[in-house]
Each structure stands twice: as structure tokens, then as C-alpha cells.
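> Single-letter residue listing:
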Amino acid sequence: MNDQPDFDMNLFLKGLWRENPVFVQLLGMCPLLAVSNTVINALAMGLATSFVLVMSAALISLLRNRIPKEVRIATFILIIASFVTCAELLLQAISLETHRALGPFVSLIVVNCIILGQAESFASKNGLLRSVADALGRGAGFTFAIFCMGGLREVIGSGSFMGQALFGAQYQPWVILILPGGGFFALGLLLLIYNRISPVSRSPQRGCHLLQELPDKKFGAGKVKT
Amino acid sequence: MAEAMASPQTEKTPARKLIRTLTLTAALSGLLIVLVYQLTLPIIRRNQAAALKKTILRMRPDTQRIGYFQLTPAGLTARRERQETQKQARPLYVGYNEKDELTGVWAEASGIGYQDRLKLLFAIDPRRQLIIGMAVLESKETPGLGDRIEKDPQFQANFTALDARLNRQGTELEHEIHTVKKGRKQHPWEIDGITGATISAKAVGRILNQAAQLTLPLVVKHLERLETGETGDTENSEF
Amino acid sequence: MNSDSLGYIFINALLINNFVLAYFLGICPFLGVSAKLSTAWRMGAAVSFVMLVSSAAAYGIYQLLLAIDATYLKLVAYVVVIAACVQLVEMFVKKTSPALFQALGIFLPLITTNCAILGLALFQTSRDYNFWQSLVFALGAGGGFTLALVIMAGLRHELRLAQIPNLVEGTALTLMLAGILSMSFMGFAGLGG
Chain X
35 MNDQPDFDMN LFLKGLWREN PVFVQLLGMC PLLAVSNTVI NALAMGLATS FVLVMSAALI
95 SLLRNRIPKE VRIATFILII ASFVTCAELL LQAISLETHR ALGPFVSLIV VNCIILGQAE
155 SFASKNGLLR SVADALGRGA GFTFAIFCMG GLREVIGSGS FMGQALFGAQ YQPWVILILP
215 GGGFFALGLL LLIYNRISPV SRSPQRGCHL LQELPDKKFG AGKVKT
Chain R
802 MAEAMASPQT EKTPARKLIR TLTLTAALSG LLIVLVYQLT LPIIRRNQAA ALKKTILRMR
862 PDTQRIGYFQ LTPAGLTARR ERQETQKQAR PLYVGYNEKD ELTGVWAEAS GIGYQDRLKL
922 LFAIDPRRQL IIGMAVLESK ETPGLGDRIE KDPQFQANFT ALDARLNRQG TELEHEIHTV
982 KKGRKQHPWE IDGITGATIS AKAVGRILNQ AAQLTLPLVV KHLERLETGE TGDTENSEF
Chain P
179 MNSDSLGYIF INALLINNFV LAYFLGICPF LGVSAKLSTA WRMGAAVSFV MLVSSAAAYG
239 IYQLLLAIDA TYLKLVAYVV VIAACVQLVE MFVKKTSPAL FQALGIFLPL ITTNCAILGL
299 ALFQTSRDYN FWQSLVFALG AGGGFTLALV IMAGLRHELR LAQIPNLVEG TALTLMLAGI
359 LSMSFMGFAG LGG
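One line per chain: the protein sequences are X, R and P, in this order. When the letters of the first sequence are read in order and numbered with our numbering, they come out as residues 35 to 260. When the letters of the second sequence are read in order and numbered with our numbering, they come out as residues 802 to 1040. When the letters of the third sequence are read in order and numbered with our numbering, they come out as residues 179 to 371.
Far from chain P, some chain R residues (derived; all Cβ distances over 12 Å):
(1) Ala816
(2) Thr873
(3) Arg1026
Short derived list, chain X residues pointing at chain P, Cβ under 7 Å:
(4) Met63
(5) Cys64
(6) Ala115
(7) Thr119
(8) Ser141
(9) Leu142
(10) Val144
(11) Pro214
(12) Phe219
(13) Leu221
(14) Gly222
(15) Leu225
Hints are computed from structural coordinates only; laboratory data are not their basis. Virtual Cβ for every residue (Gly too), placed ideally from N, Cα, C.
Based on the provided sequences and hints, a complete structural model is requested.
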């Protein structure tokens, strides 16, 4: 199966829903909570993360046979960090205002475990097209999740969507949802909804620290069967 | 560079190939970053300048061009628009209208607000010694409450003619600028507060006072140089 | 109080803008390692220690980058320096104090991709802190991280015997608890203002 060179639609869909990096694998929680207080911020974060994910997956899968095993993590981090710097500069060039709103969280994409996890478990073992398909899927999954968060928090928390007021002037927004505490509530709620729609087998080994604890075992892909 | 030096330490075993891979990757990523940096730098600088000009124009629409200066411990020096301010120097922006008359002097102020650091840009009319505008550059104040320092028109109205007169010696303000409870404003140097956002409103008063105490004496002292604008690099770009 | 005074920086990082509860940094260990109180203490100690070391290292690196006028390389440099720091701390602790290594050992490698550490380095740079301010900031942030982790572990400990609906069990419940905790920490805002 690893030799299959085609762009595989299944891989994309898997990342988007069935093995959604956020709802199933509980990865990338920090940016998800931190910059989802408006839809615009959430979308910018989702797209920037996807950009880094896809670019580094492509480069890593091209170089995968040339990177010695011992230094692979260091090399991956270097590659990811350079793409993050590029993403940050590009975002600054596109919209200064969004860049200011996201603050240091753009730089923190480097330590988003979705990216390192994908590099380690997939891009370093698969061909270019399959890696890109997988990265696109996971990126879309993350963007979808953070978009849901941003939508939920902005619509209820400030009564608007992308800055456009939705309800009349008499609507008293639930400010708590755009405050830090509300981020936790919104994510808890979304996890509940996801679990209701497609129950996740309760494997205790989820979250970022997986990556370090089991450096050589298979991580992420195909772990949670639904 | 730093990354090339630091990383080989982490893995020691079969040395040469590892070091070669890491060095090559570091070189590759360095190249990539420098390339993107060079490409985006002019656009970013233009965006920054445009954002600043938009804020300045909102306060004084008659401004036609902007002069760039900085206040250092040594005094007032001019600076090029694209140049960063030196360390410990505070930037100063001077607006001129069509007839090359001074429309206002803009300075930055920062301090703690309710949540975190607040960064403000305020406009000075140096001849009348008034603060004629205030904009929030950076804030993490509570949405809906604390961020009214930025959005509340009543609060913003405080800064159309806030008294910042200097004392006779010209060393500090005659009256300290401070925030009072809403509706209790009696003197032109007082800021009318916001109910429900007392701390943020008070913070603005305190931060503004601190910065005005430092900036105004120098601005007034160097007023002539600022008015002629000769030493400032006043590029008339992108207007 | 001045926003640059050491006392304010410490209180701000410890309580007002707690790294976990207000900035959402280090959420993964917060959710993953907060099941037991004893592990929470040790994880907190390990993170605080690495924070202190890497804060000093990041300060030095940034001065170097400033000197050669290449600050756009700071992210790459920080990531690599932090990774190297963690590795060095691990080797050092292993050599000098086997008992301490036993206690902290398994947590150290986890920290490399902990965003709280990188976040600390980035925040101290963007706020132009000097060397001592950076160190105090690191102490406050490490203390705040430990505090959040320990409180969370205590809460989860109390919940172990409670009757919880099946659907809510696990991360969703932990997140709700974290939300309440974050709300109560908001009460610290304005402290020192």
C-alpha cells in the first residue's frame, strides 16, 4: 500500500473527519483554544497551520530517504520552523491586523504536534502525493475544528459572524465565551457533540505527549479505529 | 549560524553523515527564510506605514505628510521612515498639512492595563499644549468591557482637547492627567471614566500621564525644529 | 506599579496571565499529566527548570541575532536551542543526580515540543525584557504552570468517585473544569494595577 503513488481521496477524508486531529487525536489544542475568539482569527490560524503542514509534508516526503534515522526529529523541526517563519512573514504581508491579533501564536505553530506527528508517522514513510493528501486532510480537519470553535465563540460571545452583527441591538452577548474560560467550555462542548455523532473508542493514549513517549512506535495514523 | 551549531550536539553517534544532513537542512531552511524575508519585507513595511498613516489621518484629516523623529536620552534626532528606532529611543511622528504647517505630534505610550500591557498612540498639539487624540495600538482588555477605551465614543471624546499644559519651568505638566469617575469630570485635564471598565479607563489615564510627562517637555523644547521639519526625513510616500 | 517591575512581571505570569489558563500554552501536559497529584508536581518542576534555563539561553541567542541583524531567524534558533537545552539538562541531571533524574527523567523529553517553553521565549522577546526580567518571567510562568497543573490534579482526584455520565467522561469533563478554573483566575486581573 505504501507504494501507491496516487492522490488518495480516502486519506484526505480520514484526516478531515474519521481521524480528525483535534476531535479524535486531541492534538493542536493550544492554538485551537488561544486564537479562536473570532472567526477571522480562527480561519487565519487554520489556513496558516495547513500551509505549514502541507509544505513540510511535501519537503519531508521528498527528502525521506536521505534523512538518517537518528537526526530525523531535529531535521523535521528545522524544516517545520522555516516554513512557520515563512508563513508568519507572508501573513504579515497579507494582513497586518490579523497578524497582530494572532500575536506569538503564529510562531507557536512550530510546536503544534499535528505537524510533527504527521511528519513522523506519515510523510517520512510515504510518497509525495500520498503525503500531501494526508497533510491536506489533517489541515482541513484542523481548520474545520478551529472554524467551528471560532464560529461558536463569536456568534454567541459577541453576537456577530466575521464582524457582521447577527442579532438586533437588544442582544446581550455572552462575553464569557470570548474570554479564555469560554474557550475551554466551547471545546468541551464540541468534543461532546463529536463523541455523540461518531463515538471515539476511548483509548487513553491521546495527546501530544504520545509522540515523545513512543518515539519509535507507530503514532497517529491508523491508531484509532472507528 | 545558531541552528547549525547547536543541533549536532543532540545526536552523537555516526557523526559525519548526521552533521552533513543537519548542516544541509539548516542551510536550506536559512536560504528559504532569507528569500521569503527579502520578498515580504517591503510589503510589510508598506503595510505598517499605511496602518500608522490611517490612524494619524483619523485624528487629523488635514495631515498631508509625516516626518519621522525619535527621542533619545541625548535629545531629538531625525530618522528615516523605513529605519527602526534605536534601542531606548521613543519614536515621534510629526504631521504636516498642505502648507507645511504642523498638524500634530504623535507619540507612543505603554503600561499595564487590566489584563496585560496596553500600548497607546496619542496626538499632541504642541502649540496649545493639548492632547488631541488617542488610539489603542495593542491591548488584551476584556472584549465588551475594557475594550471600550478603544470603541466607546464618549470615552474617546475625552481626548479631543485634554489639557496637558506645562508648568512655568517647562519640566513637567502643570496638572497631572488622571481618570475620574464617570460624570465627575470638572477640569480639562481630567478624563471621564467608563462605568464597568474602571480599571482599564484608569490605566489609560495613568499611562497617558506618564508618557506625557516625559514627552511634552521635550516636544515643546524642540518645537521649532519639529515645525520646520528640516531634519526629519519626510518621505511623501504612498499617500 | 510599573509594568516592567520584577514584582509585577512575576505576579502577572503566575496569576493574572497564567500561561495555561489565560494564554493556553502547555495544554497538552495540562490535560495529559494532570491525572495524579504526584506526577503533576514533578512535571511542573521539570517544566519550570527547563523554562529557567531556556529563558536565559533564548535571551543570549536573541542578543546574538540582534548583533548580526538577523532577528527573522529567531524562531528557528529558539526551537533548536530549546531542544538542545532539554537534551543538555537531561544529560546533566543524569550525571549529577540520579535521584532527581529518576523523578524528572521521563518528563524531560516531553518538554521539547511543549509550547509553554517556546511561548515564554517569544513573549520575553516581544516585550523587550532584559536578562533579569526574563529570568523572573520564567520563574513566574513556571510557577503558574505548576499551580494550574496541581490544582487540576487535585480537582480530578476529587472527581474520581463521582458519578459521571459516560459521554462526558474524559477530556470533555477536564476541559469544563479548566474553564471554571480559568474563570476563577480572571479574578486576579487588575492585581498590581
